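Protein chains: 8
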Amino acid sequence: MKWTVYLSGEIHTDWRQQIIDGCQASKLPVLFTSAVTDHEASDSAGDVLGEEQSNFWRDHKSAKVNAIRTRTLIRNCDVAVVRFGTKYKQWNAAFDAGICAALDKPYITLHDEDIVHPLKEVDASAMAWATAPGQVVELLKYVTTAK
Amino acid sequence: MKWTVYLSGEIHTDWRQQIIDGCQASKLPVLFTSAVTDHEASDSAGDVLGEEQSNFWRDHKSAKVNAIRTRTLIRNCDVAVVRFGTKYKQWNAAFDAGICAALDKPYITLHDEDIVHPLKEVDASAMAWATAPGQVVELLKYVTTAK
Amino acid sequence: MKWTVYLSGEIHTDWRQQIIDGCQASKLPVLFTSAVTDHEASDSAGDVLGEEQSNFWRDHKSAKVNAIRTRTLIRNCDVAVVRFGTKYKQWNAAFDAGICAALDKPYITLHDEDIVHPLKEVDASAMAWATAPGQVVELLKYVTTAK
Amino acid sequence: MKWTVYLSGEIHTDWRQQIIDGCQASKLPVLFTSAVTDHEASDSAGDVLGEEQSNFWRDHKSAKVNAIRTRTLIRNCDVAVVRFGTKYKQWNAAFDAGICAALDKPYITLHDEDIVHPLKEVDASAMAWATAPGQVVELLKYVTTAK
Amino acid sequence: MKWTVYLSGEIHTDWRQQIIDGCQASKLPVLFTSAVTDHEASDSAGDVLGEEQSNFWRDHKSAKVNAIRTRTLIRNCDVAVVRFGTKYKQWNAAFDAGICAALDKPYITLHDEDIVHPLKEVDASAMAWATAPGQVVELLKYVTTAK
Amino acid sequence: MKWTVYLSGEIHTDWRQQIIDGCQASKLPVLFTSAVTDHEASDSAGDVLGEEQSNFWRDHKSAKVNAIRTRTLIRNCDVAVVRFGTKYKQWNAAFDAGICAALDKPYITLHDEDIVHPLKEVDASAMAWATAPGQVVELLKYVTTAK
Amino acid sequence: MKWTVYLSGEIHTDWRQQIIDGCQASKLPVLFTSAVTDHEASDSAGDVLGEEQSNFWRDHKSAKVNAIRTRTLIRNCDVAVVRFGTKYKQWNAAFDAGICAALDKPYITLHDEDIVHPLKEVDASAMAWATAPGQVVELLKYVTTAK
Amino acid sequence: MKWTVYLSGEIHTDWRQQIIDGCQASKLPVLFTSAVTDHEASDSAGDVLGEEQSNFWRDHKSAKVNAIRTRTLIRNCDVAVVRFGTKYKQWNAAFDAGICAALDKPYITLHDEDIVHPLKEVDASAMAWATAPGQVVELLKYVTTAK
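These protein sequences, in sequence, are chains H, W, R, S, E, L, G and B. Under this note's numbering, the first residue of the first sequence carries the number 327, and numbering increases by one thereafter. Under this note's numbering, the first residue of the second sequence carries the number 327, and numbering increases by one thereafter. Under this note's numbering, the first residue of the third sequence carries the number 327, and numbering increases by one thereafter. Under this note's numbering, the first residue of the fourth sequence carries the number 327, and numbering increases by one thereafter. Under this note's numbering, the first residue of the fifth sequence carries the number 327, and numbering increases by one thereafter. Under this note's numbering, the first residue of the sixth sequence carries the number 327, and numbering increases by one thereafter. Under this note's numbering, the first residue of the seventh sequence carries the number 327, and numbering increases by one thereafter. Under this note's numbering, the first residue of the eighth sequence carries the number 327, and numbering increases by one thereafter.
If you are wondering where the hints come from, they were derived from the structure by calculation, not from laboratory data. The reader is advised that the hints may include incorrect statements.
[Claimed, not checked] Simulated pairs of lysine-lysine, DSBU-like, Cα-Cα distance not exceeding 30 angstroms:
1) L:Lys-467 / S:Lys-415
2) R:Lys-328 / R:Lys-467
3) B:Lys-353 / B:Lys-467
4) G:Lys-467 / W:Lys-328
5) E:Lys-473 / G:Lys-413
6) G:Lys-353 / G:Lys-467
7) H:Lys-353 / B:Lys-328
8) R:Lys-328 / G:Lys-328
9) H:Lys-328 / H:Lys-353
10) R:Lys-328 / R:Lys-353
11) S:Lys-415 / S:Lys-328
12) E:Lys-413 / R:Lys-473
13) E:Lys-328 / E:Lys-353
14) B:Lys-353 / L:Lys-328
15) B:Lys-353 / B:Lys-328
16) S:Lys-473 / R:Lys-415
17) R:Lys-473 / W:Lys-473
18) L:Lys-328 / B:Lys-415
19) B:Lys-328 / S:Lys-328
20) G:Lys-328 / G:Lys-467
21) L:Lys-473 / L:Lys-328
22) E:Lys-328 / G:Lys-413
23) H:Lys-473 / B:Lys-473
24) S:Lys-328 / S:Lys-467
25) L:Lys-328 / L:Lys-353
No experiment lies behind these values; they were computed from the predicted model shown.
Start from the sequences, fold in the hints, and give me the full structure.
Pasting the structure below:
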């Protein structure tokens, strides 16, 4: 069995790549999926459908186009990793976690200790809390290969 | 039909009371439910089960106890209102919105215009975005009484 | 048991009232629900949230506000009656029928014989096709009272 | 991941072929499915089961046979594109959209601006509204390849 | 809690009445629902919608009208009792049992010992097999009152 | 797409083989599944688990073992064909049809005209009624290849 | 809102009564449901359907009759409390917990510290672990009254 | 069709290997999945995430990490075999069985006759009870190959 792992959240550090590299180094039977992580591209995803005057509708259109991708990938994943950085609001990461919780998709949170308190609801429904990408790799290795 | 409306999110202003008062003034057929909004009480919800050394596990225990209440109330609501203030992380509000989205519960977001961009994913799945409690009252009046 | 009947579709004739009157005359154990049928009110349902420049977004906002009501009522009904008139597109009626079909809600279509062909997919998933409100009343009487 | 895209609606123009060609030109990882689009064949799909006297039952039988195909394909798709032309009732397209909405399948509508108003309920549940097949190709390219 | 019990199957003996009387004698918290058991009325349930030439379509129309009632009542019941007599095909009873099995509704079969073999699939998914209405009353008494 | 077709019901004539042969002759993209159709083997499916004194429990054990197979295959099929012969009770066929109806699996009934009346509930939820295996082959050809 | 609390597990001590008394003392909006806790009655629940030679089938019949009650009550509860005593196998309690977990029903475990290790899987899916009935009363008070 | 069989429960004897060997000897179309059966590894599955002071939280963390694997595999299996040994509590096995029951996954129990009574609820929802691995192999052979 190939496991599909959805990587959600923060896009300003290379945590995705670290996890992917770590899993490839161990040749884990894992496929990774993700939202579009190019900030520019993501914000302008709906522009092809016509320009908008208001920021709200531009964001709205792009967010819906992105949701075609993200909701489908979340639905199809076996496990999700949801990363919260120390900057920015990252409400979309918490939103993805809520979707996972309601769909009964196991997810692992990845964040520093100093934001434990505001993330307590998100962590309470998670299957694990990691602070470093390497820990996630270890978990995925154990979960998918029983080693 | 009585409509049950779950009020999620920010607990530092009186937006809940404004909506409740506005609906009562119009005698709308609406019942309100909510998480425990007393910050202290919420943080210590799990303390009766024994003290914890680490903050993570104390938060974890309390968050799970709170989830018995919140997950049940979200499941039982007809509509949710999710409020984002201008301060704090409020990841639990975005998390609730994700649960609503996955459970196909219609929700209305309530937030100022200056956080439109970080909330675009949450708003894109919402049925409406309001900036003032009075607008939410108007929506609930229209939705529940067709007036 | 009270049966809840959702009345969907055409708003230019008094078919809703005929069904309601007919059921009341027979004191059937039936409650009726419906979208907002005041055309003006329905089109402007989202205006309280702020004005829009483009017709598309005004319609979009109002349609979403209306959907809070209609999707909830369809989900809560036992049976739906979907009426197609001879004028206008009435895509919302066919859309409601599709929702009923996917949610396994039994529905009765009400339309003239001359539009049997374009409605064949909608009728094929319906539990009955009636041409007059009086027939719907008879069906509801039989279904809810076994008489 | 291969994405399966269901193409629903109008059968009198070559919009399906334009989308298929556009996606093939970009070698997108997309498979297309569709109802039977040969009008004659579709109308006579049930004839092999015996002739009918009444038009209603002939349509009924054929529509049910067609539904074996369409309902299965909609259930198996990742995304749907629903096309509304300027002629004919096309209630089956709105019906398909309703099924998608209830099954939580993301769908894109494809129609001209002059029918925005009658399609407002269908568009309000859609993830995007396009006016040209080329835009749909762009959306599919972005959604499936993150480019 | 009131328990709703759906009584399905054979209509030529008074087993329904025996169960109802037995439960009333013990004042059990039980409500009974059932298909229309008047054979004539059931067969002509669709006649109000217009006459049919062929027996198949007359049966078809009436069966669908009856299904509005039966499918809704099965969905709303807590327990079903499915009775098989020694005469007739009674495929509708086995059909109802299949619906119960797939919807995870517990059902009790009620039939003589000599048809144990052809009913083995139906019995294998049942929660109990009774041979007399009095046994069903005892089971309902135990199940609903813990006595 | 390969379509999986579950063949349910009567085991005394070669209708299964006729359908399989007809589909192979046309090279349809169809896989067939079925219960164990060897009567002896089916009745003794549970004997390996130990002998039983009573017929009821022997049947019960075997029926449950068979259900591991049949329920799984029905859940995994795209379409079912349910065959009713003119002899025997065949309650398991009607039971399978009920399961299909509740799981929203489209099914085709295959039976002679003289049992239209007792099968009216089963037929009313079917997508088509055929009287000959050749018709089923035609339907499958049309449904799976659009020809 | 009245909360329904299912009390599952050990029947040899008065933990159920302690919880019920504690909740009544605080006038909590809570209704309690439970399996039949009279051991004798539970073991002989199926005897009315006829005697059995083998212990396995007697247990089997009674367990299925009991399941009509327990599965329905679990499905209808808002919260479950699952109690593990220090004696006996109590596999039915762990079985009920598994059902709750899969149905997304929040449950609280109630057991001593010395069986933490063998219960780790059951506890990991629970919303809280209590060691005394009084703690459960406190949790229910907090969860249902926000006090 | 390949069948996926989840092997749950006791880890101190070689019953898993016996079943796997038996199925391979007969070249059955069966894939086996399982929890991590190395006791040490399983207990320390969460240690990579940081050490814990209390046994409860160490168990809790490891059990959740293990659940990422087990819940996913149970969800993906076609059939489960749940083994109860004569020693230890094995509540996790009963817990898995409850999950299977609620998810409508057919499962076979494997245990000695002397624990029939405490396992009656678990057995009552099972599709078969076997006392030896060889019987399970026979069942899987019959179920998957119809031989």
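Going through the hints against the structure:
1. L:Lys-467 / S:Lys-415: Holds, because 29 angstroms separates the two Cα atoms, which is no more than 30 angstroms.
2. R:Lys-328 / R:Lys-467: holds (12 angstroms)
3. B:Lys-353 / B:Lys-467: holds (9 angstroms)
4. G:Lys-467 / W:Lys-328: holds (25 angstroms)
5. E:Lys-473 / G:Lys-413: Given pair Lys-473 of chain E, Lys-413 of chain G holds - Cα atoms ~26 angstroms apart, limit 30 angstroms.
6. G:Lys-353 / G:Lys-467: Holds, at roughly 9 angstroms.
7. H:Lys-353 / B:Lys-328: It holds: about 25 angstroms lies between the C-alpha atoms, which stays within 30 angstroms.
8. R:Lys-328 / G:Lys-328: Judged against 30 angstroms, a Cα distance of about 22 angstroms means the pair holds.
9. H:Lys-328 / H:Lys-353: holds (11 angstroms)
10. R:Lys-328 / R:Lys-353: The hint holds at about 11 angstroms.
11. S:Lys-415 / S:Lys-328: Judged against 30 angstroms, a Cα distance of about 33 angstroms means the pair is violated.
12. E:Lys-413 / R:Lys-473: Holds - the C-alpha atoms of Lys-473 of chain R and Lys-413 of chain E are around 26 angstroms apart, at most 30 angstroms.
13. E:Lys-328 / E:Lys-353: Holds. Lys-328 of chain E to Lys-353 of chain E sits at ~11 angstroms (cutoff 30 angstroms).
14. B:Lys-353 / L:Lys-328: The given pair, whose Cα atoms are some 25 angstroms apart, holds under the 30 angstroms limit.
15. B:Lys-353 / B:Lys-328: Cα-Cα ~11 angstroms, so holds.
16. S:Lys-473 / R:Lys-415: It is violated: about 37 angstroms lies between the C-alpha atoms, which goes past 30 angstroms.
17. R:Lys-473 / W:Lys-473: violated (36 angstroms)
18. L:Lys-328 / B:Lys-415: violated (46 angstroms)
19. B:Lys-328 / S:Lys-328: holds (22 angstroms)
20. G:Lys-328 / G:Lys-467: Status holds; Cα separation ~12 angstroms.
21. L:Lys-473 / L:Lys-328: OK: Lys-473 of chain L and Lys-328 of chain L at ~16 angstroms, within 30 angstroms.
22. E:Lys-328 / G:Lys-413: violated (35 angstroms)
23. H:Lys-473 / B:Lys-473: violated (36 angstroms)
24. S:Lys-328 / S:Lys-467: holds (12 angstroms)
25. L:Lys-328 / L:Lys-353: Cα-Cα ~11 angstroms, so holds.
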